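Residue numbers (my numbering): 1 to 226.
One thing to keep in mind: the hints can contain errors.
[Claimed, not checked] Here are the simulated lysine to any residue pairs, SDA-like style, with alpha carbons at most 20 Å apart:
(1) 203 / 6
(2) 3 / 28
(3) 79 / 89
(4) 205 / 59
(5) 223 / 192
(6) 182 / 117
(7) 185 / 141
(8) 203 / 225
(9) 182 / 172
(10) 3 / 109
(11) 205 / 225
(12) 104 / 59
(13) 80 / 38
(14) 223 / 26
(15) 205 / 29
No lab work stands behind these hints: they were computed from the structure. Remember, predicted model here, so these are calculated numbers, not experimental data.
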Amino acid sequence: MSKVTRIALVGASGLIGSALIRLAVGRSDIRIIAIARSEIPLPPGARMEVLVADPANWADAIAAANADVLVSALGTTWKKVGKDEEAFRAVDQHLVLACARAAKAAGIRQVITISSVGADSSSKNFYLRVKGEVEQALGRLGVTRLDVIRPGLLRGSRRELRPAERIGMILSPLMDLLMHGKYRKYRSVRDDVVARAIVGLTKEKAAGRFVFEHDAILRAARKAGD
Numbered sequence: 001m002s003k004v005t006r007i008a009l010v011g012a013s014g015l016i017g018s019a020l021i022r023l024a025v026g027r028s029d030i031r032i033i034a035i036a037r038s039e040i041p042l043p044p045g046a047r048m049e050v051l052v053a054d055p056a057n058w059a060d061a062i063a064a065a066n067a068d069v070l071v072s073a074l075g076t077t078w079k080k081v082g083k084d085e086e087a088f089r090a091v092d093q094h095l096v097l098a099c100a101r102a103a104k105a106a107g108i109r110q111v112i113t114i115s116s117v118g119a120d121s122s123s124k125n126f127y128l129r130v131k132g133e134v135e136q137a138l139g140r141l142g143v144t145r146l147d148v149i150r151p152g153l154l155r156g157s158r159r160e161l162r163p164a165e166r167i168g169m170i171l172s173p174l175m176d177l178l179m180h181g182k183y184r185k186y187r188s189v190r191d192d193v194v195a196r197a198i199v200g201l202t203k204e205k206a207a208g209r210f211v212f213e214h215d216a217i218l219r220a221a222r223k224a225g226d
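The task is simple: from the sequences and hints, build the whole structure.
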């Protein structure tokens, strides 16, 4: 019998976290342990654990998950934080790093984090700068394997679809056709493809830090199996 990979998931209620939970339904090779602030809606047939705790206590929950992999799909929006930079950093930077540190302390070998195409600590764009800073800080933690997924526009069914994202989703099929060469990494990608890429990456054994942009995300997704 093949080993079941236990995945501790933070950001379970978001687009990618929800897609990963749906993907896990009916699979015998992965087991999701979601760590959340409150109860989350689960799809029919889901067999998983949900550890509900205040974020201040998520380190204990991560340790209790007894996981092989931490998947960090955390993220907030300008609208939710009222365009407050520190409130944005509290989730997208400080909470992400706190969870990764807790994973390392708990002996979790692999951390998979959702970043963004264009992430750069020297970017003038605040969002991309924070993502770049987080990637650098994660790289310094010393986890055995760090996988950084940098998707372009994420397509999927959000509970709250932002106007710019709605327009982007409508235009993305046409825009994707125009993105070639070095611009391919900016192509949009579906939430279920990113979820499959996450599962594919849990099967990798090599140690180190790895970055996955559009084409590499598609290749990782093909390794997920059924």
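Status of the hints after comparison with the structure:
{"no.": "1", "hint": "203 / 6", "verdict": "holds (12 Å)"}
{"no.": "2", "hint": "3 / 28", "verdict": "holds (9 Å)"}
{"no.": "3", "hint": "79 / 89", "verdict": "holds (14 Å)"}
{"no.": "4", "hint": "205 / 59", "verdict": "violated (25 Å)"}
{"no.": "5", "hint": "223 / 192", "verdict": "holds (14 Å)"}
{"no.": "6", "hint": "182 / 117", "verdict": "holds (12 Å)"}
{"no.": "7", "hint": "185 / 141", "verdict": "violated (26 Å)"}
{"no.": "8", "hint": "203 / 225", "verdict": "holds (10 Å)"}
{"no.": "9", "hint": "182 / 172", "verdict": "holds (17 Å)"}
{"no.": "10", "hint": "3 / 109", "verdict": "holds (15 Å)"}
{"no.": "11", "hint": "205 / 225", "verdict": "holds (16 Å)"}
{"no.": "12", "hint": "104 / 59", "verdict": "holds (10 Å)"}
{"no.": "13", "hint": "80 / 38", "verdict": "holds (17 Å)"}
{"no.": "14", "hint": "223 / 26", "verdict": "holds (17 Å)"}
{"no.": "15", "hint": "205 / 29", "verdict": "holds (16 Å)"}
Violation of the numbered hints given earlier is confined to hints 4, 7; the remaining hints are satisfied by the structure.
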